[in-house]
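Chemist: Next come the chains, spelled out residue by residue.
Protein chains: 2
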Amino acid sequence: MSLDPVLSRIDADLDQSITRLMELLRIPSISTDPAYQQPCQDAADWLVKDLQSIGIDAQKRPTPGHPMVVGHVGDPGDAGPHVLFYGHYDVQPVDPLELWNTPPFEPELQDTPNGRVIRGRGSSDDKGQLMTFVEACRAWKAVHGKLPCRITFFFEGEEESGSPSLIPFMKDHAEELKADIALICDTSMVSPGVPSIAGQLRGMLKDEFTITGPTIDLHSGHYGGPGLNPLKEIARLVASFHDDDGRVAVEGFYDGVHEVPADQLAAWQDCGFDEQTYLNSVGYTVPHGEKGYSTLEQQWARPTLEVNGLWGGYQGAGSKTVIPSQAHCKITCRLVGDMDPAALQKKIRAHVEARLSPDAKITWDKTPEGSPASVMDTSRPEFAAARAALSAEWNREAVVTGMGGSIPIAGFFKSILGMESMLIGFAHDDDAIHSPNEKYNVESFHKGIRSWARVLDEMTKG
Amino acid sequence: MSLDPVLSRIDADLDQSITRLMELLRIPSISTDPAYQQPCQDAADWLVKDLQSIGIDAQKRPTPGHPMVVGHVGDPGDAGPHVLFYGHYDVQPVDPLELWNTPPFEPELQDTPNGRVIRGRGSSDDKGQLMTFVEACRAWKAVHGKLPCRITFFFEGEEESGSPSLIPFMKDHAEELKADIALICDTSMVSPGVPSIAGQLRGMLKDEFTITGPTIDLHSGHYGGPGLNPLKEIARLVASFHDDDGRVAVEGFYDGVHEVPADQLAAWQDCGFDEQTYLNSVGYTVPHGEKGYSTLEQQWARPTLEVNGLWGGYQGAGSKTVIPSQAHCKITCRLVGDMDPAALQKKIRAHVEARLSPDAKITWDKTPEGSPASVMDTSRPEFAAARAALSAEWNREAVVTGMGGSIPIAGFFKSILGMESMLIGFAHDDDAIHSPNEKYNVESFHKGIRSWARVLDEMTKG
Chain A
1 MSLDPVLSRI DADLDQSITR LMELLRIPSI STDPAYQQPC QDAADWLVKD
51 LQSIGIDAQK RPTPGHPMVV GHVGDPGDAG PHVLFYGHYD VQPVDPLELW
101 NTPPFEPELQ DTPNGRVIRG RGSSDDKGQL MTFVEACRAW KAVHGKLPCR
151 ITFFFEGEEE SGSPSLIPFM KDHAEELKAD IALICDTSMV SPGVPSIAGQ
201 LRGMLKDEFT ITGPTIDLHS GHYGGPGLNP LKEIARLVAS FHDDDGRVAV
251 EGFYDGVHEV PADQLAAWQD CGFDEQTYLN SVGYTVPHGE KGYSTLEQQW
301 ARPTLEVNGL WGGYQGAGSK TVIPSQAHCK ITCRLVGDMD PAALQKKIRA
351 HVEARLSPDA KITWDKTPEG SPASVMDTSR PEFAAARAAL SAEWNREAVV
401 TGMGGSIPIA GFFKSILGME SMLIGFAHDD DAIHSPNEKY NVESFHKGIR
451 SWARVLDEMT KG
Chain B
1 MSLDPVLSRI DADLDQSITR LMELLRIPSI STDPAYQQPC QDAADWLVKD
51 LQSIGIDAQK RPTPGHPMVV GHVGDPGDAG PHVLFYGHYD VQPVDPLELW
101 NTPPFEPELQ DTPNGRVIRG RGSSDDKGQL MTFVEACRAW KAVHGKLPCR
151 ITFFFEGEEE SGSPSLIPFM KDHAEELKAD IALICDTSMV SPGVPSIAGQ
201 LRGMLKDEFT ITGPTIDLHS GHYGGPGLNP LKEIARLVAS FHDDDGRVAV
251 EGFYDGVHEV PADQLAAWQD CGFDEQTYLN SVGYTVPHGE KGYSTLEQQW
301 ARPTLEVNGL WGGYQGAGSK TVIPSQAHCK ITCRLVGDMD PAALQKKIRA
351 HVEARLSPDA KITWDKTPEG SPASVMDTSR PEFAAARAAL SAEWNREAVV
401 TGMGGSIPIA GFFKSILGME SMLIGFAHDD DAIHSPNEKY NVESFHKGIR
451 SWARVLDEMT KG
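Line order of the protein sequences matches chains A and B.
Per the working numbering: the first sequence = residues 1 to 462.
Per the working numbering: the second sequence = residues 1 to 462.
Not everything, but these chain A residues come out facing chain B in the computed CB check (under 7 Å):
1) Ile216
2) Ala235
3) Gly309
Far from chain B by the CB rule (all over 10 Å, computed), these chain A residues:
4) Ile18
5) His82
6) Glu458
In case anyone wonders, no lab produced these hints; they're calculated from the structure.
All C-beta atoms in this analysis are idealised placements derived from N, C-alpha and C, irrespective of residue type, glycine included.
Isolated chain A, as found in the complex (with noise of 0.2 Å):
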């Protein structure tokens, strides 16, 4: 089957694959809010629907938390590897509403300087990723009447906000769900116009704690001096989380963490990552982190303590002289190597319980959650495929890169399915993911919808 006519459609259908587009970032699917439990469903539904369009035999799959999405096209006996594409139809709050410049949820195309865009919650992050593979597929169906090999989807609504139901679904399904990659469009490009394949992730762990001084909220005039005050006292433990050259003190932290043997960091170098454009396009003149390792070092292949949330007592206008009962602090850890997530989460407890003042009561997430870092087997002949597809379309030699991010369900796919993942993705680092005034290049959907027919014809010709 030749691609140039599907490469072709895919040019002609750009108008209707960017309206495709918009009619589900119009759906608020924010996963780890209560309130868009229905929206989360609506999206469901109309990824079911549009995968059916293009004859996928697709079905929405409930689980305890947000549905899956599940459908198959091709047989047991097609040829070329039979591929799991992954991605998530769920996003990230919107707030702080105030700094959006247009409804986050009511999308828009726009010229920029850079480029026209596609802006809204979810553009880039991760449902125009996602429907640059659907709609690659479309194109294929379109132009040969049927996919180039078998395919399974797996799209999943909770993504966002820990993949709860993720793991006992995978136990539940793993022989509807094996193939022989997982394909996963949730990456960024090292910068823009540099096609790139992540060969390794971080990990994660995220946990979250309470501190309690006193019983009620206090006046500052008549506590103020001899009473704790829990403000006070979460900042002093969130201070002690790093020493003054930006290296996490908890005890053990870096236990398991690899230094990057010297060819991939010359490869990375060469990589076409600029720091200062990186640090300065959100208005930073240094990197901050760790002395002694390179930005990108840092974002890649070092593990970090950040906190994400920090807060208690008064927050509005004016003042209040109140020295509040309590201070609640949320915090992520990325994983890199052979970080272990949950003695991690014990270290970091215990760093912060032998710090607790008398009288300060302390407690934690019920529900934490970690997934170990992946490295990538680069041996594979999916990725000397890709390599192949990616540069052709981006003029450009493709890049294995390292990844700052996490992306739980490579390690999933690993433990659980015994399955690799092959991490493409084509998002700008200015895409404003989890910000307000989201974006997606309308060059990232349309050369991204063009790659992944790209992608398809390499892995499943000869």
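Since chain A is already given, all that's left is putting chain B on it; use the hints.
Modeler: Chain B only, in chain A's frame:
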């Protein structure tokens, strides 16, 4: 004019006095929040009408903020001192609302193990305390047809939000407001049943700052590591405010602080204050402030730097892997001795700015406020009269105490009107002022009214 029938009238009228107070408590006059502008007007109107009902020439006076209430009764030739009575009709915000057991502005009489209480925002601070004086005047007028001396009433509606209109108003109406002494009912008894007159008050400095790191919220997978996290930055800055001994580590912070004379310390030790009860009542087992000072000294005679609000990042359900663009902190200091609020503000700002990381930008409150500490002239005859009156009502020697809170008005009466203040209050430490479930003991209200009747009698007899 004899006192006894006035006291009898107060006893007989108590239920009506409580009913009137509850009317006032139902008006949600939160001064710091612009949404409650009308209720502040309503509370002022209510007071004008109530004063007029007992023959006082009272008016609502406009300011750029919430109005003042000013009332006059008596003439320059009247016997006895001319007193000014000051109180405030505004209240603190009610958050966190979910911790209230009854709606904050639907006051209730409740029976508790410590006696009957009036529950609701403002019941103690300051509507209940303010009405003790008004009710004493009402009884005096009902019995004798007139009040025992010349009285000016002066109520403001911005005490809980920094009193921005107070100084200009006092300056513009200095002649009208001048009296021999100011009486203020906005303080606590040092312990239940021990009548207390404040001999010194702490001053106050308020400030607020925002730390901006990246120009937008970032994904912690991309910038976690190289990115400056404002939450970590603000925690480090807040943690730098104190050393390991609980002392404020800002250079020059203690300039103007004097140690308490030994005889005064001895008197305080004998004033009925029970440290363990005071600490245990809110969940503490030990004092947490400056090492080397008792709880009472920490509260009355030592300065503080407290954090009243600290926030940034994601606070909702679930988790969000964000590095937020901004973090915020509200602080207040309590001042003693000769500490200079303006100089102190500069020192604190210099402390913070000297510790900022590269790429961290800081903005400060445009309208910080400060007032120095006050020390009263307790040798005046009105203090002797008040001690005698209070000792008679409470069957216990009245004590001259310090006060941890800040009542800037006392300093302004001195500096603008050349007038001493006498602060007598009937609140309890467990009244939960500024907190959910604020209450005022009915005993405080009842004996508070009787106390003022006795004070007026003692000051004007002979």
